[in-house]
Amino acid sequence: MQDNMETAGQGPKRISEHIIEIVSDSGEGAQKAGQTFGSLSAKMGNGVWTVEIIPAEIKPPARSKAGASGIRIRFGDHQITNMGDEADLVVAFNGQVLYGRFDQHAYKAGTILLIESKWANDPVPEIREQYAAALEMFKEKGLIIHELPFEDACLEITPNPRLGKNMFVLGMLSYIYQRDLQIAKDNIAYIFRKKAQKVVDLNHALLDRGYAFAKQHVPTYCWEVPGRENPGATIVSNGNEAAAMGIMAAGIELVAMYPITPATSVSHFLAEHLYKVGGFMHQAEDESAAAGFAIGASYAGLTAATITSGPGLALKTEMLGLATMAEVPLVVVLVQRGGPSTGLPTKVEQSDLLAVLYGQAGDAPKIAIASSTIEECFHDVILARKLAEEYRTPVYVLSDTNLATGVSQYPRPELKEEWLAAPLDQSDWPEGVRPYEWDPNTGLSPRPVPGQRGGEYTLTGLAHTEESHVAYDPEVNQRSSTMRSLKFATLQRTLTPPEIKGEDQGDLLIVGWGSTRGSIEEAVLRAQKDGYKVSSTHIRIISPMQPGLKEMFKKFKQVITVEINYSDPAPGGNFTEENRRRAQLAQLLREQTLMDIDSWSNVHGQPIRPGLIYNEIVRRLAH
Amino acid sequence: MFGLKADWSLEVQNRYFTLEDYNDGVARWCPGCGDHTILTAVQRILRDHQVPPEKTMVVSGIGCSSRFPHYMATYGFHGLHGRAFPVAEGIKSRRPDLTMFVTTGDGDCCSIGAGHWVHAVRYNMDMTVIMFNNEIYGLTKKQTSPTSRAGLKTNTHPRGSFLPPINPASSTLGMTNASFFAQTVDWNSAHLNATLEAAFNHRGFSFVHVLQRCTAYTSYLFDGMQADPNTLALLTGPGSIDLDPSVARIFKNRIEHDPSDIHAARRVAETTDPFPIGILYQDASKPVYDDHSNEGLGTPPEAKIKAMNKVLDLFSI
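So the protein sequences, as listed, match chains A and B.
Residues in the first sequence are numbered consecutively from 1, following this note's numbering.
Residues in the second sequence are numbered consecutively from 624, following this note's numbering.
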């Protein structure tokens, strides 16, 4: 550490945060370098958010726009809740991979670019020309460019720099951001723990070489991002891993799924770990079967979940209607992507909300929880399991690609045995109690489980009496519908209003749900500091809706939602005030409050960055 | 908790179950419908084996045959059209203590549920499946089924069904990991009972294809078969069902058949006239999915917490 503090200039400059990117062709290890940098920074007490840059194709050609593979790391002296705006520093292994990043508005004038220089001397004239053209464009965009011979430096240590460059880059970044080299070396030793010692030694040497290289070539790029004091036991994971750990911690012992992006990585995690806690993951023949399998298991008294994304949700619709009708508890983890149809499989969208709430035929109310942080992805599953059993109904936990692929840290949860409790026992069913013994005040009823003597009944998806007998008469259907709806009213009465960030009155209130929370709160805080009377609130339980919204909204001149789903642009052409379609939460809130709630949303397939939200606040409030 | 009563006392009295203990009310199928015979046959098996009603599970889809669970005094699950198999698999996945029956029809199994059927055969979970084949959609009033004979006039094909019917036997036996397939007819109780008994005793996915008369729409299709036992061919030989000789002697057509030979079974499956009845195929050594899905049952909470903490350790910094 002593060594690290020696710099060419007057010592490292303190900064609050930075956003960096490492971009390469796929297979060059940029993501591994970035993850290690993120983990190292988290260990040093920084708040960290990393997100991978995934190539648009499976086997993209080298040095192509479609081939950009890499990682963005945002880290700071405070908690980081989103991927942020434009990057401060980029390390690129070639020029072409950055083109796509400009489409994503990832860089700004002043972004520092450290780029591999070997392409300038490539024997193939076309490659030299492409490199020159790329640099020309980056200059026009105002990037501060440093062409550096990464590979030549790596060649001093390894004959195969393509494989070692990533740890070299980690070394460079370790100089630039004054990382603790010992922690970096420990991380490297862990990554290569299954390899020979000489592999570890080689990567340590590359790390040291990168450190010295940066000190030599860009000595003035030397910053210190102070860590926070003792954050306590901490977990670093993405939202899908958090949801999978939540499933295990919630005592869910049967998970049925069918592969679908971006939900599948939850299943990958469970396939690797669920058996360790005595559970089983079933890969079903299709989405409907996955839901049916989980419903069967739950009916039989197990805790069960199914996992899916938009197109899978569409296919599960029939089964989930059955679970609602027959009152079978079920946890549904829904990782949203872009739609409709196959849509944008790997991109961010929050457009399944109305499908969740209204997707079934008939009246099928349901519970929907929207996770807004990676940590909530864990805890919301535990909450969902409890609600599913208490209210005898499916509960949806909604996250999206932003949370699913973003990696950040959160306090390590303390596991509780009560989370694992078996839902029901096998003792005899009390005499005279019917399988749907609806409490007239709450709509709730106890549930017999196969094996319980005296509880024998036949569950049916048809309209049924308290005895679970098929009945088509008017009163029975009216009453059973009321009882199923009453459960949601009962739950709604136990909820509290969402928290408000900022003053409880003002010119503008921004309402959000799900993964936009970090960006919204950051933008609002910035606008508040700039004197705007803006506040925000975030709804976690969307169905039944958290109470008190109308009272809250009344105190603001404007209320808008910020969402990542489609809404029509401002009136113009055939879009009029009358026919304009708003974003999904806005539709729900308008119905709920009878207030003129607007929305600001887009379907760019990207997380909404705080800067864009800030601009919208200013556009609405600056006169 | 098994074997304990609500007050934690042990069940000491020997329970004895009669047919009545499995029967719930009056079945609302048409008089003369073949479903009544099958209902009685299932209740008899449960009685003969003294399976507690609370440990018995009947799962169905949608259709006349899928009303079956409502007439049983056991646990039942009358779910979605074509989707009995996934539900039954889910129930069975972690409840080896339950005895599982699935009742399904030709439309339910071979049409809307065909995707699940194919995979259910491959999962080979321990359940007795009865496919009631009346060659017509009865509950929704006379639409063509995938097993309807070519030319059959229905409300959806008033000029006659266009295509030859699906053969449930060859379809099932064409699927990987099939472990039990038998055929019988609802109008010969002795053969029906003996066939279901063999299916019940097989561990795995025991599929029984039953030709079943629909008095409302297709009774006439089976009249000839019912009147003339020569339209059927009894499968005989080692491994065949245990049929009383006084019943067996009415079948003049016999096929000496080895149910352990999949190639022979597939050849027999292709035969429809005379219609082969008995066990076409049985192999108790096929992998059973339950053996995997049951893994980890009964893991104590302390062990779960310990294992879970180890997983959290992987993500801790």
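Accuracy of the hints is not assured; some may be wrong.
To be verified - In silico negatives: residues of chain B with every beta carbon more than 12 Å from chain A:
{"no.": "1", "residue": "749"}
{"no.": "2", "residue": "766"}
{"no.": "3", "residue": "782"}
{"no.": "4", "residue": "871"}
{"no.": "5", "residue": "885"}
To be verified - Here are the simulated DSBU-like cross-link-like pairs (lysine-lysine), alpha carbons at most 35 Å apart as the crow flies:
{"no.": "6", "chain 1": "A", "residue 1": "276", "chain 2": "B", "residue 2": "764"}
{"no.": "7", "chain 1": "A", "residue 1": "32", "chain 2": "B", "residue 2": "909"}
{"no.": "8", "chain 1": "A", "residue 1": "185", "chain 2": "B", "residue 2": "929"}
{"no.": "9", "chain 1": "A", "residue 1": "386", "chain 2": "B", "residue 2": "929"}
{"no.": "10", "chain 1": "A", "residue 1": "65", "chain 2": "A", "residue 2": "215"}
{"no.": "11", "chain 1": "A", "residue 1": "195", "chain 2": "A", "residue 2": "108"}
{"no.": "12", "chain 1": "A", "residue 1": "43", "chain 2": "A", "residue 2": "555"}
{"no.": "13", "chain 1": "B", "residue 1": "678", "chain 2": "A", "residue 2": "276"}
{"no.": "14", "chain 1": "B", "residue 1": "933", "chain 2": "A", "residue 2": "43"}
{"no.": "15", "chain 1": "A", "residue 1": "185", "chain 2": "A", "residue 2": "32"}
{"no.": "16", "chain 1": "A", "residue 1": "198", "chain 2": "B", "residue 2": "678"}
{"no.": "17", "chain 1": "B", "residue 1": "678", "chain 2": "B", "residue 2": "909"}
{"no.": "18", "chain 1": "B", "residue 1": "933", "chain 2": "A", "residue 2": "386"}
{"no.": "19", "chain 1": "A", "residue 1": "195", "chain 2": "B", "residue 2": "909"}
{"no.": "20", "chain 1": "A", "residue 1": "198", "chain 2": "A", "residue 2": "141"}
{"no.": "21", "chain 1": "A", "residue 1": "108", "chain 2": "A", "residue 2": "347"}
{"no.": "22", "chain 1": "B", "residue 1": "678", "chain 2": "A", "residue 2": "386"}
{"no.": "23", "chain 1": "A", "residue 1": "416", "chain 2": "A", "residue 2": "118"}
{"no.": "24", "chain 1": "A", "residue 1": "416", "chain 2": "B", "residue 2": "909"}
{"no.": "25", "chain 1": "A", "residue 1": "194", "chain 2": "B", "residue 2": "929"}
{"no.": "26", "chain 1": "A", "residue 1": "32", "chain 2": "A", "residue 2": "276"}
{"no.": "27", "chain 1": "A", "residue 1": "416", "chain 2": "B", "residue 2": "933"}
{"no.": "28", "chain 1": "A", "residue 1": "195", "chain 2": "B", "residue 2": "933"}
{"no.": "29", "chain 1": "A", "residue 1": "529", "chain 2": "B", "residue 2": "678"}
{"no.": "30", "chain 1": "B", "residue 1": "678", "chain 2": "A", "residue 2": "185"}
{"no.": "31", "chain 1": "A", "residue 1": "32", "chain 2": "B", "residue 2": "678"}
{"no.": "32", "chain 1": "A", "residue 1": "501", "chain 2": "A", "residue 2": "276"}
{"no.": "33", "chain 1": "A", "residue 1": "43", "chain 2": "A", "residue 2": "195"}
{"no.": "34", "chain 1": "A", "residue 1": "276", "chain 2": "B", "residue 2": "909"}
{"no.": "35", "chain 1": "B", "residue 1": "929", "chain 2": "A", "residue 2": "43"}
{"no.": "36", "chain 1": "A", "residue 1": "194", "chain 2": "B", "residue 2": "933"}
{"no.": "37", "chain 1": "B", "residue 1": "929", "chain 2": "A", "residue 2": "276"}
{"no.": "38", "chain 1": "A", "residue 1": "347", "chain 2": "A", "residue 2": "59"}
{"no.": "39", "chain 1": "B", "residue 1": "933", "chain 2": "A", "residue 2": "347"}
Keep in mind that the hints were calculated from the coordinates and are not lab data.
Every residue, glycine too, gets a C-beta built ideally from N, C-alpha and C.
Cross-check of the supplied hints:
1. 749: Check passes; 14 Å lies beyond 12 Å.
2. 766: holds (20 Å)
3. 782: holds (32 Å)
4. 871: Given that every Cβ of chain A is farther than 12 Å from that of residue 871/B, nearest at about 36 Å, it holds.
5. 885: holds (23 Å)
6. 276/A / 764/B: Not OK: residue 276/A and residue 764/B at ~51 Å, beyond 35 Å, violated.
7. 32/A / 909/B: violated (44 Å)
8. 185/A / 929/B: holds (29 Å)
9. 386/A / 929/B: holds (22 Å)
10. 65/A / 215/A: holds (31 Å)
11. 195/A / 108/A: violated (41 Å)
12. 43/A / 555/A: violated (43 Å)
13. 678/B / 276/A: holds (29 Å)
14. 933/B / 43/A: Between residue 933/B and residue 43/A the Cα gap is close to 19 Å, so the pair holds against 35 Å.
15. 185/A / 32/A: Roughly 14 Å separates the two Cα atoms, so the pair holds.
16. 198/A / 678/B: Status violated; Cα separation ~61 Å.
17. 678/B / 909/B: holds (25 Å)
18. 933/B / 386/A: Answer holds: residue 933/B to residue 386/A is near 24 Å, not above 35 Å.
19. 195/A / 909/B: Violated, because 40 Å separates the two Cα atoms, which is more than 35 Å.
20. 198/A / 141/A: Since the Cα atoms of residue 198/A and residue 141/A sit roughly 43 Å apart, the hinted pair is violated (cutoff 35 Å).
21. 108/A / 347/A: holds (23 Å)
22. 678/B / 386/A: holds (27 Å)
23. 416/A / 118/A: violated (56 Å)
24. 416/A / 909/B: violated (41 Å)
25. 194/A / 929/B: Between residue 194/A and residue 929/B the Cα gap is close to 25 Å, so the pair holds against 35 Å.
26. 32/A / 276/A: Between residue 32/A and residue 276/A the Cα gap is close to 27 Å, so the pair holds against 35 Å.
27. 416/A / 933/B: OK: residue 416/A and residue 933/B at ~14 Å, within 35 Å.
28. 195/A / 933/B: holds (23 Å)
29. 529/A / 678/B: violated (66 Å)
30. 678/B / 185/A: This hinted pair is violated, its Cα atoms lying about 59 Å apart.
31. 32/A / 678/B: Given that 35 Å is the threshold and the Cα spacing comes to 53 Å, the pair is violated.
32. 501/A / 276/A: Roughly 41 Å separates the two Cα atoms, so the pair is violated.
33. 43/A / 195/A: Cα-Cα ~24 Å, so holds.
34. 276/A / 909/B: holds (26 Å)
35. 929/B / 43/A: holds (24 Å)
36. 194/A / 933/B: Satisfied, since the Cα-Cα distance of roughly 19 Å is no more than 35 Å.
37. 929/B / 276/A: Between residue 929/B and residue 276/A the Cα gap is close to 10 Å, so the pair holds against 35 Å.
38. 347/A / 59/A: OK: residue 347/A and residue 59/A at ~18 Å, within 35 Å.
39. 933/B / 347/A: holds (32 Å)
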